[in-house]
Amino acid sequence: MALTLKEQLSSPSGILKFLVKYNTVFIFILLLIFSALISDVFFTSVNLSNLLKQVSGIGIISIGMLIVILTGGIDLSVGSMVALLAVTFAILVNLVVLPLAIVITIAIGFGLGSISGYLVAYQKMAPFVATLALMTIARGLGFIYSKGSPITFKTYGGLFMSNFANNSTLGIPNIALVFFIIVIITMVMLRYNVFGRLIIAIGSNEEASRLSGIKVNKYKFLVYAISGALAATAAIIVASRTNLGSPNMGMAWELDAIAAVVIGGASLNGGKGTAINTLMGVLILGLIGNILNLLNVPSYPQQVVKGGIIIFAVLLQRFESK
Amino acid sequence: MKEPVSEYRLEMSGISKSFGVVSVLKDVNIKVKHGEIHALLGENGAGKSTLIKILSGVHQKDSGTVVLNGAEINPKNTHEGQVLGINVVYQELSLVKDLSVAENIYLHKLGASKFWMNWKELTKNAQELLDSLGFKIDATATVRDLSIVQKQVVEIAKAISEDTKVLVLDEPTTVFDPTDIKKLFNNLLKLKEKGISIIYISHHLDEIFKIADTITVLRDGVDTGSVPVSETDKDSVIHLMIGRELKDLYPVRDFKIGEKAIFEVKDLSGKDCIVHDVSFSVKAGEVVGIAGLGGSGRTETAKLIFGADKKKSGTLFLDGEEIKINSPVDAAAYQIGFVSEDRKEEGVFLPLSIRRNISVTSFGSISSKLGFINIDREYKKVLGLIEKLNIKTPSSEVNVKNLSGGNQQKVALAKWLSIDSKVIFIDEPTRGVDVGAKIEIYKLINEVAKKGVGVVVISSDMPEIMGISDRILVMHEGTFYGELQKDQFSEENILRYSIGETLK
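In order, the protein sequence lines correspond to chains C and A.
Residue numbering for the first sequence follows numbering that gives the first Met the number 0, starting at 0 and increasing by one per position.
Residue numbering for the second sequence follows numbering that gives the first Met the number 0, starting at 0 and increasing by one per position.
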């Protein structure tokens, strides 16, 4: 029988197992305590809400990255997609009514993701290669449509969005709420929906999935399209926060997203990973950045620390699989 | 020159080997003379490959001795084996596809002490070697571009490019046509004259009686002794290969089989032409066995029907109506199931729980229109199957990788039993499964048939296929060569059809 929580904690090896199993939560809490101890400003509502606002964009694309990685793929295009779609949204918000601008932007994100999905699922292209191509295409298009400079929001709709993105509800920043809702939906989909179950099955054994009569190609196609749509959502949020769309946005975000998913314990071979752990991965990365900023550590040493954390987190997960 | 210590080049005595609890070889003895072609025979799974792999250093023996030229040897890996002069041409080709023919032939020299390779000279040598074998192959060609026959020749060239003392050929002629076989045999006779000892594994008795000097038959991991070819004939060899009793393993088939065919295949051929002109039918409640040697196209036939491989031509009928299956998705939609022989790679999801494994095919019945799974119903279904199939596990949440082979196989079966399949193909239902689980799986197959499902079982295990089938189709070289009714079931008859002979 499965052990209860109490039983698992009762033996010394049980404690170790428990820590290893929930290592992302554990690292997150440790970091929280550490941050609170070394900085007075950390536990202020201004700082915490800033932290949440900072991670929301990357958080949303990390969820897209998670579902792609669950199938055993990877999506390198999401950072550039954020740039292109932020520019697209800024152009649209100045042209058409707000709801339409939102819908079109997300649809374009879905469409661009579909191109990767088509290449991977139906043309059997390696995900790394297909999305690498989409990455440079999207970045290039972003510069073309924006003519290289940021496009500011000029209409009432733009103003509404920037208010929304910079305000809070019940003390939680609105854009963080959007991120959390997406996390919860993904959690539910992965646990209780056929779609989630099947993408995990595909990632854990594609051939067995195929021989079980699963439409492997359809699901592989869909995860990239959804990742594109989530990149569009992230783009709308980051553009609204700063009141403009710039082709320089989302630089190297795909790498942060991959890092967050990996810190969250997902396997790059597919089949293993959860939304809640990816959320933890996102928060851990954000927290490290935040606390190092508070300590006035320059950005280059910050990168070194981030890399170290990734290695540490993944090494810890190796105990888990043993 | 010193006289050889013994008249035998190679003496393997008292060789035993087991993998886990499965004992594969038990006290096997084989002695090969200088310049002798020694045929090694036995059914699938009799232990031939394991014996060869011990000789070449792939596997380590548990007990026994191997003596080469009078000195005991103990190769720890294939490289050591090669240095000693033991070269094996395996059935599965082991060439590096993106390198040239010459590079492949001299691949082993890459590990030698010289820092620079003289490819010009090696290419010249390789070409001379290939020409001497009498096959037209360009030494500079990339292996990927060669035909399968040419690849096999390159394998042989690779094996004899070294200072070979013992050459082992494992089913070398399966891809050859008669003229190629003749060429190969001429080469073998030349090697024999040079004093090289050859161990020749084949299912083709004709070939063996043409080329071999001595025959050793393995049966269930035990050698039944060696005989000179001149003192025996095909029939006695076939008898040596069989000689087991059907045990009390199999359930009684005590219900009526349907009158009409539930599933029918007509003139099916695959795009890659491994399988051609296959026709057969299954009645509701019938268990049809497909027998044949490894490589005869049994698995390929099932995969072709199931849509996992591409068809060239042929028609399928389900309940008398023609159906089109272009992918496993179509097959599953028509309630046709397929349990793969390769459990770990193609059957189960090792890192996922039993529940997630079983329910993957049955979401249709346990989820709402929007795809939300009714977890209660899922648990009920999965726990029911765990109990019914007697899967030994503390809970439905245990990952399949932690189960034993037999229980993993039951999970693979449960996946297709959880939906109401009309036809189910089971490839090697009990490979790597212990006897207890075997009996349970046989019972299960029987029960499935009883419900009116058409069951097709592919198996290399002869007693098994005779024990559970109502009818056996025997494949030979990609098509059904013969059909055996229950009263004709015998290992001899299956074997005769398998090797393209007629019944006595």
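There may be inaccurate statements among the hints.
List of simulated lysine-lysine pairs, BS3-like, C-alpha gap at most 30 Å [to be verified]: (1) Lys271/C with Lys368/A; (2) Lys310/A with Lys217/C; (3) Lys123/C with Lys60/A; (4) Lys30/A with Lys60/A; (5) Lys30/A with Lys96/A; (6) Lys271/C with Lys379/A; (7) Lys233/A with Lys123/C; (8) Lys123/C with Lys310/A; (9) Lys182/A with Lys214/C; (10) Lys217/C with Lys368/A; (11) Lys310/A with Lys214/C; (12) Lys214/C with Lys209/A; (13) Lys271/C with Lys189/A; (14) Lys233/A with Lys214/C; (15) Lys32/A with Lys270/A; (16) Lys214/C with Lys32/A; (17) Lys271/C with Lys181/A; (18) Lys181/A with Lys233/A; (19) Lys96/A with Lys123/C; (20) Lys217/C with Lys343/A; (21) Lys209/A with Lys503/A; (22) Lys379/A with Lys265/A; (23) Lys323/A with Lys214/C; (24) Lys343/A with Lys271/C; (25) Lys217/C with Lys270/A; (26) Lys217/C with Lys181/A; (27) Lys214/C with Lys450/A; (28) Lys265/A with Lys450/A; (29) Lys164/A with Lys270/A; (30) Lys265/A with Lys310/A; (31) Lys450/A with Lys437/A; (32) Lys135/A with Lys60/A; (33) Lys150/A with Lys214/C; (34) Lys265/A with Lys233/A; (35) Lys214/C with Lys189/A.
To give an idea of the interface, some chain C residues facing chain A are shown, with a C-beta separation under 7 Å as derived from the structure [stated by the list, open to error]: (36) Ser38; (37) Phe41; (38) Ser44; (39) Ser48; (40) Gly139.
Calculated directly from the structure, the hints in this document are not laboratory data.
Heads up, the beta-carbon is just placed ideally off N, CA and C, and yes, glycines get one too.
Q. Holds or violated: Lys182/A with Lys214/C, Cα cutoff 30 Å?
A. The hint is violated at about 48 Å.
**Q.** Restraint status (C-alpha distance of Lys217/C to Lys368/A at most 30 Å)
**A.** Holds: Lys217/C and Lys368/A sit about 18 Å apart, inside 30 Å.
Q) For the pair supplied as a hint, Lys214/C and Lys209/A, is the alpha-carbon distance within the 30 Å limit? A) violated (51 Å)
Q. Is Lys181/A close enough to Lys233/A, meaning Cα to Cα at most 30 Å?
A. With Cα atoms ~21 Å apart, Lys181/A and Lys233/A stay inside 30 Å; holds.
**Q.** 30 Å Cα cutoff - pair Lys217/C, Lys181/A
**A.** Outside the cut-off at roughly 51 Å; violated.
Q: Given the hint that Lys271/C pairs with Lys379/A, test it: the Cα-Cα distance must not exceed 30 Å.
A: Distance of about 25 Å is within 30 Å: holds.
Q | Satisfaction of hint between Lys343/A and Lys217/C, Cα-Cα up to 30 Å | A | holds (24 Å)
Q) For the pair supplied as a hint, Lys209/A and Lys503/A, is the alpha-carbon distance within the 30 Å limit? A) holds (21 Å)
Q. Holds or violated: are the alpha carbons of Lys310/A and Lys217/C at most 30 Å from each other?
A. Measuring from Cα to Cα gives roughly 22 Å; hence the hint holds.
Q. Given the proposed pairing of Lys323/A with Lys214/C, does the C-alpha separation stay at or below 30 Å?
A. holds (16 Å)
**Q.** Holds or violated: Lys271/C to Lys189/A, with C-alpha atoms at most 30 Å apart
**A.** violated (57 Å)
(Q) Next pair to validate is Lys30/A with Lys60/A; report whether the Cα-Cα distance is within 30 Å. (A) Holds, at about 17 Å.
Hint violations for this structure: numbers 3, 5, 7, 9, 12, 13, 14, 15, 16, 17, 22, 26, 29, 32, 33, 34, 35, 36, 37, 38, 39, 40, all remaining hints satisfied.
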